[in-house]
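A.B. asks: Two chains, two separate frames, one set of hints: put the complex together.
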Amino acid sequence: MFEAYNRNLLRINLTDKSFQVEEIPAEVMDKFIGGMGFGVYYLTREVDPAIDALDMGNKLIFATGPLTGTGAPMFAQTALVTKSPLTNGIINCYCGGNLAQKLKSTGYDLVIIEGACSQLSYVLVTPDTVKFIPCPELQGKGVREAEEYISAQEGEDCGTAAIGLAGENLVRFASIISSTRVFGRGGTGAVMGSKNLKGVAFKGTIGVKVHNPRVFALKVDEAFAVFKIATDNPYSLLGVFSRYGTGGGMSLINERYALATRNHTQAHFATADKIDTTAYHKLANSRRIACFGCPIHCGQLHSFQGKDGFFTRGPEYETMYSLGSDCCNDDPLVLARAHNLCEEYGMDTLSAGCTIAFAMECYERGFLSSEDIGFSLDFGNGEALLKALELMARRQGIGDLLAEGTRIMAEKIGRDSAHFAMNSKGMEFAAWMPQRMSGIALTFATSNRGACHKRGPIGQELMGELPMESTEGKAKIVAGIQDKVNALFTLVSCRFADFELPIEMFISLLNAATGMNKDVTDFLDIGERIWNLERLFNLAAGLSSESDMLPARCFEPIEVDGELKSLNREEFEAMVQEYYQVRGWDQQGVPSSVTRKRLGLELPWK
Amino acid sequence: MEIKVCFYAFFREYSPEQALQVSLEPGKDTIGDLIQVLKEHLGEKFSREVASLIKGNRELQGLVYVGSKSILRLDKLSTRLKPGDTVKFLPPMAGG
Chain A
222 MFEAYNRNLL RINLTDKSFQ VEEIPAEVMD KFIGGMGFGV YYLTREVDPA
272 IDALDMGNKL IFATGPLTGT GAPMFAQTAL VTKSPLTNGI INCYCGGNLA
322 QKLKSTGYDL VIIEGACSQL SYVLVTPDTV KFIPCPELQG KGVREAEEYI
372 SAQEGEDCGT AAIGLAGENL VRFASIISST RVFGRGGTGA VMGSKNLKGV
422 AFKGTIGVKV HNPRVFALKV DEAFAVFKIA TDNPYSLLGV FSRYGTGGGM
472 SLINERYALA TRNHTQAHFA TADKIDTTAY HKLANSRRIA CFGCPIHCGQ
522 LHSFQGKDGF FTRGPEYETM YSLGSDCCND DPLVLARAHN LCEEYGMDTL
572 SAGCTIAFAM ECYERGFLSS EDIGFSLDFG NGEALLKALE LMARRQGIGD
622 LLAEGTRIMA EKIGRDSAHF AMNSKGMEFA AWMPQRMSGI ALTFATSNRG
672 ACHKRGPIGQ ELMGELPMES TEGKAKIVAG IQDKVNALFT LVSCRFADFE
722 LPIEMFISLL NAATGMNKDV TDFLDIGERI WNLERLFNLA AGLSSESDML
772 PARCFEPIEV DGELKSLNRE EFEAMVQEYY QVRGWDQQGV PSSVTRKRLG
822 LELPWK
Chain B
59 MEIKVCFYAF FREYSPEQAL QVSLEPGKDT IGDLIQVLKE HLGEKFSREV
109 ASLIKGNREL QGLVYVGSKS ILRLDKLSTR LKPGDTVKFL PPMAGG
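Chains as they are written, first to last, in this note's numbering: chain A, 222 to 827; chain B, 59 to 154.
Please note that a few of the clues may not be correct.
[As the list claims (entries may be wrong)] Straight-line Cα separation of at most 25 Å, DSS-like style, residue types lysine-lysine; simulated pairs: (1) A/Lys-675 / A/Lys-633; (2) A/Lys-495 / A/Lys-608; (3) A/Lys-739 / A/Lys-697; (4) A/Lys-786 / B/Lys-127; (5) B/Lys-62 / A/Lys-495; (6) A/Lys-503 / B/Lys-103; (7) A/Lys-449 / B/Lys-103; (8) B/Lys-113 / A/Lys-449; (9) B/Lys-113 / B/Lys-140; (10) B/Lys-86 / B/Lys-97; (11) A/Lys-252 / A/Lys-430.
Derived from the structure by calculation, the hints contain no laboratory data.
In isolation and in its complexed conformation, chain B is listed as follows (with noise of 0.2 Å):
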């Protein structure tokens, strides 16, 4: 299954490019899984300040969407994806 990971602002620090298209394998199909793929893709820096962090790193599940939604408000590291989705790595906002 294709899906494609775009990278906003400090994330574009762990990123060489932008927009990045990802295959999941079969039954393979969560953002946990994807974190593990993009882990082995994008090397130490985005393991290290990333993939360990966010299973207990509440505010970091929060900037993870699928679509228009935060996986906070979908099923965190279960939610599932389905070929076509967007996931996108976006800051956080409020007032300024």
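Next comes chain A alone, as it looks inside the complex (with noise of 0.2 Å):
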């Protein structure tokens, strides 16, 4: 029997207030690990694809890992899965600070829920029992003032996350915050929403015990090793996110022109400068904040004083893309606002902004008009992005057009808008270019969570490792860093963790920790049985291969230091069809059976 876990998954009934502890299965954890495995391998067998997101049958998958609440270092996170409002499709998100530890402390290593309450209501979940609390008084109520609630009702040794408006209004990419960390991407808020759950409470006090205490405390101090030489190196990766946070490098992207500009019709944003970290170290009093048990501390909190002052963790990089330079906005302070609205309402910053930019080019183009939208939304219009946030998140007048995220707008709007409604399968883009970066393309295109950045080779591109635009091997490439990032979520890593940590590390970690004797292979076939399973259950949501084309923009010239290139529409297709062949899938991108047996997926739906 492994052990570092539980071995024990809490299944909660929203709607008949019921609740009952299951033994999970040691095949289970040989096959899928834990985090981002557990949730896949549950919702995959017990939510039917081909329901809405938003209907009660779906269900909301809180997961840790082996790693959680022990001492290895950046293996804070949880996973949640459910099905997306946004996609249509499967999601997986994370997010850090110290609800995971909290949550594998009450002696669960997931928590499965399930129906709706009948009233807005929150759950504590405890080692002994689980608590049904209705809070009315908590509706509309924004993110930090609900967690604050809860912790003065249940104790501040409590793990809190909670929806804000944005969550109970629906909209497609509300988020669930825990601490001003953030279940960000694909509309998890809004499932939360669905079924009249304000907010979720962990309090325990049950430690993790490792299968060989003495190999495991000597592998945590090689990894903390490992960790400390890049964070005492202040030009490594590692070291820079420990000075500056993510929003260190936006010039590095700048100047590669990959900065993603005006809803992507520029891949360089002239005043990128004023809202770096940089220049919030000099407008704002700044410290460093870090999850659990990480040496990193990659977090930025700022304070800006005078008598509207206010503080945010924040904005990351991806945040000054899409809220930023996206929507032309170079004024730090409308950022860090439109960033703190976006954590009281609980909104995806990245699908928020890039949805905005995307009304800005239609305000612009004449296809949405003054009068439809209630003022002027042009590019660089601080006062207006502020505006659209709070209607966004209200579902008022133009918001409610807003909060169906760019793919369902597109659709009322007609016209040619689809064109420029820059997302994938309906999850808005991340912060890079496929326009300008061939891997990210196919990243963005294949992901099965959409437009995600969480998958590709963003630094290898970037940093000069490999081209930029040349299609030749990224296939292979991305399909590796497929696996290798799901392998590493169902830990739960952070995704910074493997800038430095050799794959060797983790997996020593793993088996010193549960007792179980994995190599590299065994680990890469995990990421790949999940990847699949994950593909499968889109493909019976009614995803196809063609959501995994991209917006046509991505294949019109874009101007790169005075010359104009652009993504080769035929060597774009050509890289998909190469990677159907090396994931072992069809020419409709369907896994064959083949590549099903070989790992072993038994499929609960057809």
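C.D. replies: Now the structure itself:
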């Protein structure tokens, strides 16, 4: 039997306020490890791919991994898996902070939430019981207020997560937030809102017992040593993240002409340096903040003084793009306030910003008038940007349309707006430009989440390890990254850990903690198994190879330092076909029976 | 030979100006030579935190670009410069 697990899952039914504890079979641990693996395994078994994501039949699965709550560094994240109201496919997303450690301390490895509350409520999980607590007084309240309320009721030693107004209003890209860390993408907050669930709280004291404490402690020391060398070097990636957060690297992206600007019509934002982290260090009192057990502390808290003073955690780089360059907003205070609105209302800053950039272009082209919108929504208009975010979260006026995201907006607006609605599978683009980075083009196109940046060769392409534009060899590289990151997300590792830690060290930690005996091949096979299972779920949900296409704008020329460059459509399509081959899928992108058999995939649905 | 040198992000702490025009003497045309000139021009902080580290710090070498290529992908400190080149000191990035 494997160690470092509680070996139990908790199933909570909100409809009849019941709960039950179930044992997690050893075979599931062996084949899926934990975190994302657990989430994808149980969701694909238990949720009909064809249902609407906001139907009561959808489930929310919060999952930890075997390294959660141990002394191993950079395993603070909680995985969340559900069906996405934005993409209509499966979504896995991750939140740092201390939620995972608190969840695991209740004696469960994962929590499956089913059904819906009859009135707005939150749920408290302890090792002994589950409480369903109505909280109508929190209706319409911001995330911070909701989390503070729950902590005040249940004690500050709780781990909490909550939704804001956007989740209650079923904004398709609403987030769930835990103490300024975010399950950002894909509308998990809307799923929680559809269940009338304002928040969750975990409170326990159960520790983690590892298989071989002596070897595990040795491996933990080795991992810390790797991160210490990295953070001591002010020029390494994690050294820079440690000092400046993710926003410290914006000028590299800009100078490489890969900073999406003006709804992806430009690759360079002339005033980008007004909104990067070094600019915030001049404007605000800033300090660093870390997730549980993390030696990097990439979080940046900024406190702005004055009578309207406020503080933010972030913006992160991705937000500097979405609510910054993509909307031509170079006002750092407007950006910080926009970021804060998204945190208060609980909205994904990426989808929110990218959607507003799309609306700005629709306004510029006359597809949306100032009468439709209620005001002028020009690029670079900070006041309009903030107003649009308010309306979006409230679903008031034009906000009701904005809250649907770019894909549905384009369907409703019509004309040729879909060609510049920058999404893949309905999920708005993350901060990277398919026009400039062919690996990112393939990543956005083929990700089971939609236009997600978590599993792409970003650093390799930006820092010159791989050519940015050539499609040669990218299919195999992207598939390899997808499998590897999936495997890491079973643990559940921070995405930044593998920038320094070799894969063998992750596996050593896993084996020493659990008593497993995995090697690199076994580990990567697990990542591939999960990827294919998600793909099969998405196909059953109605997605197809057409969903692996990018908007037409991605194939239009873009100016790069005085020259026009573009992603060649034929080369891109050939790269997608090559990717299908690498994956063992047919020409329509369906995993073949041989591939399914090799990965041991059983399908509970047709 | 005239070379343009641009500083970005945290590298701007080393230079009061974001862009400098630097003259290199004939025969002194490598990145290593440029670093020596910058050391004299920019002073103690640059000397301590960049010039004295760059030889043994692969990551730092990866942040110095000639045009669109990092010197790590060229000839490191021996990378030869030509008139009109732009040398950039850029931060690292991957994901985020």
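A.B. asks: Indicate, hint by hint, whether the structure satisfies it.
C.D. replies: Hint-by-hint comparison with the structure:
Between the alpha carbons of A/Lys-675 and A/Lys-633 the distance comes to roughly 30 Å, so the proposed pair goes past 25 Å and is violated. Restraint check: the Cα-Cα separation between A/Lys-495 and A/Lys-608 comes to about 22 Å, which is no more than 25 Å; the hinted pair holds. For the given pair, A/Lys-739 sits about 23 Å from A/Lys-697 by alpha-carbon distance, which is consistent with the 25 Å threshold. Restraint check for A/Lys-786 and B/Lys-127: the C-alpha separation of about 18 Å stays at or below 25 Å, so the hint holds.
The hinted pair formed by B/Lys-62 and A/Lys-495 meets the criterion: a straight-line CA distance of about 22 Å does not exceed 25 Å. With a C-alpha separation of about 19 Å, the suggested pair A/Lys-503 and B/Lys-103 falls inside the 25 Å cut-off, and the hint holds. Between A/Lys-449 and B/Lys-103 the alpha-carbon distance is near 23 Å, which keeps this suggested pair within the 25 Å criterion. Between B/Lys-113 and A/Lys-449 the CA atoms are separated by roughly 21 Å; this keeps the pair inside 25 Å, and the hint holds.
Distance hint between B/Lys-113 and B/Lys-140 is fulfilled; the C-alpha atoms sit about 21 Å from each other, no more than 25 Å. This hinted pair checks out: B/Lys-86 and B/Lys-97 have alpha carbons roughly 14 Å apart, not beyond 25 Å. Distance restraint check for A/Lys-252 and A/Lys-430: the Cα-Cα separation of roughly 21 Å lies within the 25 Å cut-off, and the hinted pair is therefore satisfied.
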